[in-house]
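**Student:** Each chain is listed here by its residues.
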Amino acid sequence: MVPLGRKTLFEDLPRFLVAQAGVAFAVALIAIQTGIFIGFVKSAGLPVDESTADVWVAAKDMLYFELAAPIAYENLDKARHVQGVARAEALFLKTSAWRGPAHKIEYIRVIGFDPHGELFIPGPIARAALAKLQFADTAIVDAGNLKALNIADVGGYGKIGLHNVRVIALTRGTQPIISATFIYTSLANAKAYFAPATPPPSDFSAPLNPRYAAIWRAIHERAGPGQRAQALDPSDDISYVLVRAKPGVDLADLRHRLDSALAGTRSYTAQEMADRTRSYWRKRTGIGFLLGLVAAVGFVVGMTVVGQILYTSVAEHIKEYGTLRAMGAPDSLFYRIVGEQAVLMALLGFVPGIALSVWVSWWAHAQRNILILITPASAAAVLAVIVAMCVLSGIFAVQRALRVDPALVFKA
Amino acid sequence: MEPAVSSRALEMIYRSGNTCVRALAHVSLDISPGEFLLLMGPSGSGKTTLVSILGGILTPTAGEVTAFGTRITSLSPRQRARFRLSSVGFVFQGFNLFGALTARENVQLALALKGLRNSAARASAVNLLDEVGLTGKAERLPRDLSAGEKQRVAIARALAGSPPLVLADEPTASLDADNGRMVTTLLRTLAKGRGCAVMTVTHDSRIMDVADRVVHLEDGALKT
Numbered sequence: 062m063v064p065l066g067r068k069t070l071f072e073d074l075p076r077f078l079v080a081q082a083g084v085a086f087a088v089a090l091i092a093i094q095t096g097i098f099i100g101f102v103k104s105a106g107l108p109v110d111e112s113t114a115d116v117w118v119a120a121k122d123m124l125y126f127e128l129a130a131p132i133a134y135e136n137l138d139k140a141r142h143v144q145g146v147a148r149a150e151a152l153f154l155k156t157s158a159w160r161g162p163a164h165k166i167e168y169i170r171v172i173g174f175d176p177h178g179e180l181f182i183p184g185p186i187a188r189a190a191l192a193k194l195q196f197a198d199t200a201i202v203d204a205g206n207l208k209a210l211n212i213a214d215v216g217g218y219g220k221i222g223l224h225n226v227r228v229i230a231l232t233r234g235t236q237p238i239i240s241a242t243f244i245y246t247s248l249a250n251a252k253a254y255f256a257p258a259t260p261p262p263s264d265f266s267a268p269l270n271p272r273y274a275a276i277w278r279a280i281h282e283r284a285g286p287g288q289r290a291q292a293l294d295p296s297d298d299i300s301y302v303l304v305r306a307k308p309g310v311d312l313a314d315l316r317h318r319l320d321s322a323l324a325g326t327r328s329y330t331a332q333e334m335a336d337r338t339r340s341y342w343r344k345r346t347g348i349g350f351l352l353g354l355v356a357a358v359g360f361v362v363g364m365t366v367v368g369q370i371l372y373t374s375v376a377e378h379i380k381e382y383g384t385l386r387a388m389g390a391p392d393s394l395f396y397r398i399v400g401e402q403a404v405l406m407a408l409l410g411f412v413p414g415i416a417l418s419v420w421v422s423w424w425a426h427a428q429r430n431i432l433i434l435i436t437p438a439s440a441a442a443v444l445a446v447i448v449a450m451c452v453l454s455g456i457f458a459v460q461r462a463l464r465v466d467p468a469l470v471f472k473a
Numbered sequence: 034m035e036p037a038v039s040s041r042a043l044e045m046i047y048r049s050g051n052t053c054v055r056a057l058a059h060v061s062l063d064i065s066p067g068e069f070l071l072l073m074g075p076s077g078s079g080k081t082t083l084v085s086i087l088g089g090i091l092t093p094t095a096g097e098v099t100a101f102g103t104r105i106t107s108l109s110p111r112q113r114a115r116f117r118l119s120s121v122g123f124v125f126q127g128f129n130l131f132g133a134l135t136a137r138e139n140v141q142l143a144l145a146l147k148g149l150r151n152s153a154a155r156a157s158a159v160n161l162l163d164e165v166g167l168t169g170k171a172e173r174l175p176r177d178l179s180a181g182e183k184q185r186v187a188i189a190r191a192l193a194g195s196p197p198l199v200l201a202d203e204p205t206a207s208l209d210a211d212n213g214r215m216v217t218t219l220l221r222t223l224a225k226g227r228g229c230a231v232m233t234v235t236h237d238s239r240i241m242d243v244a245d246r247v248v249h250l251e252d253g254a255l256k257t
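Quick note, the sequences are listed as chains A and B, same order. Start counting the first sequence at 62; every next residue gets the next number (my numbering). Start counting the second sequence at 34; every next residue gets the next number (my numbering).
Please keep in mind that the hints were generated in silico from the structure rather than gathered at the bench. Predicted, not measured: the structure shown is a model, and the values here were computed from it. Check the hints yourself; a few may be wrong.
[As the list claims (entries may be wrong)] Calculated Cβ distances over 12 Å to all of chain A for the following chain B residues:
(1) ARG41
(2) GLU44
(3) LEU91
(4) THR94
(5) ARG104
(6) SER120
(7) ALA145
(8) GLU164
(9) ALA191
(10) ALA193
(11) ASP202
(12) ASP237
[Said to hold, decoys possible] The calculated lysine-lysine pairs, modelled on DSSO-like cross-linking and capped at a C-alpha distance of 30 Å, are:
(13) B:LYS147 with A:LYS193
(14) B:LYS170 with A:LYS68
(15) B:LYS225 with A:LYS68
(16) A:LYS380 with B:LYS170
(17) A:LYS139 with A:LYS165
Note that CB positions come from ideal geometry on N, CA and C, so glycine has one too.
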C-alpha cells in the first residue's frame, strides 16, 4: 500500500518537528519519573544488595534494613554452630551525628562490619583499604558524600561522639537516596563510637577544627597502626547476623533452624530482606504515587500535543480524507493512515526523548549522586506507553476523518 | 440495451432548520454503457447533487437509482462505499489529488484500494499515466505539475481498475480552453476504449460537441 500516512506526516516538516518535541518531552518526563522511582526503590535496598549473605538474621520486630532492634553479639557465635551455616558475620547499624571541621553537623548512620569478612563489603573497595579499618577511629565513606560530610578527600576528619574519625578510603555507589549518610567502619570502631563514657584513644573534648585536627593527626600518626579498637563482647549490640549457607542446603530449612536456635530473632532470605526494605520505603513515602502522578501528567501532556497535532493534520487534509471516502475507502484505511502517523510519531519522538532522559540520568548521578535508573526494560515500557499514548490520540483524531462528508469533495 | 445507470423520480430536499430547499425534482435519467453524457445547467441547478446520488455518495429523499443491476439507493452506507470502490471513478473540479503523493502514487493508491498487489498496482499506475500523456512525470508531486497535468492524473486515477461508470464534476473549470478541451477529449477516448459510461457536469458549452448526448438541468428538473 502507498504510504499515505507517512508521507502526509512528513509533508509539513516544521509542524512535524514541533510534534516530535512534544512527544520527546512526554517521553523524557515519563522516563525520568519512572527512572527516579526505580532508582529510589533500587537505592533503598542497596546495602542489602551489596551483601552476599544468603540469610539475614534480625530482631523479630525489624521493620526494614535501617530500623531493627539490637540483638546480642553472642547470636553470631550461635549462628555459626547451626547446621548448614558455612559462614556468619555480624553487622551493626546505628544513627549518630558527624561534626565536620567547620562544625557543620550531618545526620549519619554508622555501619559496622567485619573488614576481614566476605558477606558485607561496602561497594568497590580494595582489601588493603578495608584492612585499615582495624585501626581505631577510622571510617570509609562514599565519594558522593564528601560534600555532605564537609571533607575534601581521603584523610579528612570529623567527630562522631567524642571520637575524631579519619576517612581512610572512599567507596562508590553505596548511598541510598533517602537514607542518612552512611559511614562504614569496623564492628570494634562502631562499638567504640557509641560507647557512652569511654574516652577514645585520641580524646579531644573540644570541637574539631583544622588546628586541633592537625595536632590529633600528629598524635595518631605517632601512635601508629598499633592502636586498635576493643573487640565486641558477647553482650554487645549488633543489628544483624549475616549467614552464608553451605552448598546444597535448603534455605527454608536453614532459616527454620536459625529461628529455633537464636531466640528473639527472625531470619530472612536476602531477597526478602531487600523486598522488605524497598516495600517499606515505597509504602511509607508514597513516592510511587507522586512520581506516578507526574508521569501521568507527562502522558496527558503528550497525548494532548499528539492529539492536537494529528487532529489538526486531519482537519487540514480533510478534503483528501473526503476524496478517500468518495472513492469508497473502508474505515480500516483511515485507522491505518492515522495509526501509522501515530506510531511513527511515537517511535521518532521516543529516540530523542529517551536520549535526553539517559543524559539527565548521567548528569544527576555525576552532580548529586542521584540514581535515575533507566533500564532496557523500563525504556521498553516507556516506549509501549508512548505508542499507546499516540495511538489513543490517533483514535481521537481519526474520528474527524471518519465523520467527513464525502460530498465535500465536490466543492472546489 | 440495458442502461448502465438508471434513475427514477429522484427527489432531493435539503433541510436547514425550518428551511427546505428542493435540489432535485422528479429526475429520471438513463446512462447507457459506453455513453459520454454531458450534464449542463446553471449554478445551483442541482447538477452536483445529481452526480452525488448517481455515484452513491448521497441518498435521495425519494426515488431510486439502479446501477449495473444493483439498486444503490437501498444499500447501507458501507455497501454504497463498496459499490463506489468497485464501480465508480470520480474526477473533481479541484483535482483532489493527495499532495504528499507523487502522480504515480496517487493512481497506485486507487488501484491498491481495489485490491491490486503493490507491484501490479505500481506497473498499472505507470501505464495509466503513460496513457494520459504523463510519461516521465510519474514521480512528480502534484505541486510540481500544471493544472492540466493534475487533471490528467485525476483522470488516470478515475480510470484505475476500469470502473464501468466515471462521474466528472466540472473537470474543465480550473483549466484554460485548450487544456479543457484536451482533457475532455482524453477522458472520452480512454473511457470509450474501456467501455465506461461517463457523465460529465460542465458549464463549458465549447465541449458540447465531444458528448454523445447533452442533458440540461434547471431548478432541479431535467429540460429536454
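**Student:** Confirm or reject each hint.
**Tutor:** Each hint tested on the structure:
Remark: the non-interface label on ARG41 (chain B) is consistent with the geometry, its nearest Cβ contact in chain A lying 21 Å away (cut-off 12 Å). For GLU44 (chain B), the non-interface assignment is confirmed: its Cβ lies about 17 Å from the closest Cβ of chain A, beyond the 12 Å cut-off. Under the 12 Å C-beta cut-off, the non-interface status given to LEU91 (chain B) relative to chain A is violated; the minimum distance is some 6 Å. With 12 Å as the threshold on Cβ separation, the claim that THR94 (chain B) sits away from chain A holds: the shortest Cβ distance comes to roughly 14 Å.
For ARG104 (chain B), the requirement that its beta carbon stay farther than 12 Å from each beta carbon of chain A is met, with the minimum near 17 Å. Once the 12 Å rule is applied to beta carbons, SER120 (chain B) is inconsistent with being away from chain A; the minimum gap is 9 Å. With a least beta-carbon separation of about 5 Å from chain A, ALA145 (chain B) fails to lie farther than 12 Å from that chain, contradicting its non-interface assignment. Chain A leaves GLU164 (chain B) outside its interface by the beta-carbon criterion, the shortest separation being 20 Å against a cut-off of 12 Å.
For ALA191 (chain B), the shortest C-beta to C-beta distance to chain A comes to about 9 Å, within the 12 Å cut-off, and the non-interface label is violated. The non-interface label for ALA193 (chain B) is inconsistent with chain A: the shortest C-beta to C-beta separation is roughly 10 Å, within 12 Å. Here ASP202 (chain B) does not stay apart from chain A, with its beta-carbon only about 5 Å from theirs, under the 12 Å limit. Even its closest Cβ contact with chain A, about 14 Å, leaves ASP237 (chain B) beyond 12 Å, as expected for a residue assigned away from the interface.
For the suggested pair LYS147 (chain B) and LYS193 (chain A), the alpha carbons sit about 82 Å apart, so the restraint of at most 30 Å is broken. Pair hint LYS170 (chain B) plus LYS68 (chain A) holds up; C-alpha atoms about 19 Å apart against a cutoff of 30 Å. The suggested pairing of LYS225 (chain B) with LYS68 (chain A) is violated, with an alpha-carbon distance near 34 Å, which exceeds 30 Å. A hinted pair counts as satisfied when its Cα atoms are at most 30 Å apart, and LYS380 (chain A) with LYS170 (chain B) qualifies at roughly 24 Å.
A C-alpha spacing of about 42 Å is found between LYS139 (chain A) and LYS165 (chain A), which places the hinted pair above 30 Å, so the restraint is violated.
Going down the numbered hints, you'll see the structure goes against 3, 6, 7, 9, 10, 11, 13, 15 and 17, while the others check out.
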